[in-house]
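Given chain A, put chain B in place with the hints provided.
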Amino acid sequence: MDNSLTPLVLKRLLVPTLLHLGFRKTLTMADEVVLLDFWPSPFGMRVRIALAEKGIKYEYKEEDLRNKSPLLLKMNPVHKQIPVLIHNGKPVNESLIAVQYIDEVWKDKSPILPSDPYQRALARFWADYIDKKIYVSGKKVWQTKGEEQEEAKKEFIGHLKMLEGELGDKAFFGGECFGFVDVALVPFYSWFYAYETCGSFSIEAECPKLMAWVKRCMQRDSVAKSLPDQHKVYDFVLQLKKKFGIE
Amino acid sequence: MAKTDVKVLGAWPSPFVMRPRIALNLKSVEYEFLEETFGSKSPLLLQSNPVYKKIPVLIHQDKPICESLIIVQYVDEVWASGPSLLPSDPYDQALARFWAAYIDDKWFPSVRGIALPQGEEGKAELMVQVFEGLALLEDAFDKCSQGKAFFGGDKIGYVDIALGSFLGWLKATEKMNNVKLLDETKNPNLVGWAERFCSHDAVREVMPETDKLVEFAKMLRARFKAPAS
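From first to last, the protein sequence lines stand for chains A and B. Counting along the first sequence from 1, when you hit position 169 you're at 169 in the numbering used here, and nothing is skipped either side. Counting along the second sequence from 1, when you hit position 171 you're at 171 in the numbering used here, and nothing is skipped either side.
Isolated chain A (complex conformation) (with noise of 0.2 Å):
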């Protein structure tokens, strides 16, 4: 996704020449990130959401979770799972805990978590309510048919609902400005037309103000460019279903 060349090529030529001229207590080492990641998963999205907002430059490897590369089994050995946010060489796991990280180590700009405590209180209840109930509500509509699709359906699109609720008539979650519960949600955007093509219905009929704030967004660079297309994500599905013997 980026070019990676610029840090490489500061690394090997530029900074070894400076340092040979004295430059050494002047130069300021470009950070070096990276980030481990899979296409379609919404958790590595909210990563590639925040360091868009931030502007931060970064080398995004591609892991085939079927055969997981060396540096993935060895940066997140617990859970072996994508997101990895790697900084200079140290791991962040996590997709929200990487997010509260970047915002923190570079907070000069596009602040992502509210200052006020409260504030922030109530953003880490709400993308913590999407960490629990979204992804594995939305799995099972997937998943599923006939009536155990129809009950994941009602317990999905109920869980969109309070979410909406909470949105009220507010542009973003946190109120004027684009922050972490916009930046845990919508992601998922990215396979709602997987779910309602599974699951035969309508999210734009079942939340329409939902559906106002997803368009909102997507205005938004770092949103666009991090979401993959919603029918590359549909095709993906069919495959997964098609490989689990799901009709």
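Possibly wrong hints are sitting among the right ones.
Stated by the list, open to error - Cut-off 20 Å, straight-line C-alpha distance, at most; resulting in silico cross-link-like pairs (EDC-like, lysine to aspartate or glutamate):
1. Lys107(A) / Glu132(B)
2. Lys54(B) / Asp128(A)
3. Lys53(B) / Glu166(A)
4. Lys74(A) / Glu132(B)
5. Lys80(A) / Glu77(B)
6. Lys209(A) / Asp235(A)
7. Lys63(B) / Glu150(A)
8. Lys54(B) / Glu166(A)
9. Lys53(B) / Asp128(A)
10. Lys133(A) / Asp105(B)
11. Lys232(A) / Glu176(A)
12. Lys132(A) / Asp104(B)
13. Lys180(B) / Glu125(B)
14. Lys7(B) / Glu36(B)
15. Lys107(A) / Asp89(B)
16. Lys63(B) / Asp31(A)
17. Lys27(B) / Glu77(B)
18. Lys61(A) / Asp31(A)
19. Lys148(B) / Asp105(B)
20. Lys132(A) / Glu164(A)
21. Lys133(A) / Glu150(A)
Claimed, not checked - Now the stretches of chain A that chain B is said to cover, found in silico as 3 or more residues with beta-carbon under 8 Å:
22. 94-106
23. 113-121
The set of hints was computed from the structure by calculation and includes no laboratory data. Remember, it's a predicted structure, so these values are computed and weren't measured experimentally. Cβ atoms here follow ideal geometry from the backbone N, Cα and C, with glycine treated the same way.
Same frame as chain A, but now just chain B:
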């Protein structure tokens, strides 16, 4: 700040409820503990946590904050003049959040699973998971404490609170199943840490006694086995 400005809705057996109480104690913040009656949920709880209807809830100046670790972070940020619970370095903060999430999402569910009715094979499998988790946490303690008394260094911090709050139930599980989960030979760091944590001023008064938890667990088991009246 007036005592009634800060309230904690909770119940004595809950490890999650312990967390905000320890955090407030560490910050020397006075609070009112409102004990929920087992088996019913108060109107205040339902009003303060409509999404999950669960304890703990911190009510600060009439504003509710839910989810134990979110409450701990809130306490840390509001009472910033007291000893900090999270590290100041962003990377160390991320590490602390990672371990707390691991404890909640992976490790404790294995511990809790042991107490559930199941066959010997199921129980043995869960115990392996618990031991593996403890090995990871033993190693994490080494890295986080850097030779000091707690995960947080010289003082109790975020990961100490996250893990330490489960010590009561860990001991109760050991007693009820006649097993040793936290073992000095396997986890010398954690055993030493556990003793220091449990005897700390901020923890002692809120850590439930093992025997009381065992009694409580037996009562729960009986209640769920009894036919509906």
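Satisfaction of hint between glutamate 132(B) and lysine 74(A), Cα-Cα up to 20 Å: Distance of about 18 Å is within 20 Å: holds.
Holds or violated: lysine 209(A) to aspartate 235(A), with C-alpha atoms at most 20 Å apart: Between lysine 209(A) and aspartate 235(A) the Cα gap is close to 27 Å, so the pair fails against 20 Å, i.e. violated.
Sort out whether aspartate 128(A) lies within 20 Å of lysine 54(B), counting only the CA atoms. holds, 15 Å
20 Å Cα cutoff - pair lysine 61(A), aspartate 31(A): Judged against 20 Å, a Cα distance of about 17 Å means the pair holds.
Take a quick look at whether lysine 107(A) and aspartate 89(B) sit within 20 Å of each other, Cα to Cα. It holds: about 13 Å lies between the C-alpha atoms, which stays within 20 Å.
Holds or violated: are the alpha carbons of lysine 63(B) and glutamate 150(A) at most 20 Å from each other? violated, 37 Å
Given the hinted pair lysine 148(B) and aspartate 105(B), is their alpha-carbon gap at most 20 Å? violated, 26 Å
Given the hint that lysine 27(B) pairs with glutamate 77(B), does the C-alpha gap stay at or below 20 Å? Distance of about 11 Å is within 20 Å: holds.
Chain B covers the segment 94-106 of chain A, three or more CB atoms within 8 Å, holds or violated: holds (count 7)
Under the criterion that the straight-line Cα-Cα distance not exceed 20 Å, is the pair lysine 133(A), aspartate 105(B) satisfied? holds, 14 Å
Is lysine 80(A) within 20 Å of glutamate 77(B), Cα to Cα? Not OK: lysine 80(A) and glutamate 77(B) at ~32 Å, beyond 20 Å, violated.
20 Å limit on alpha-carbon distance, applied to hinted pair lysine 232(A) and glutamate 176(A): violated, 32 Å
Hint violations for this structure: numbers 1, 5, 6, 7, 11, 16, 19, all remaining hints satisfied.
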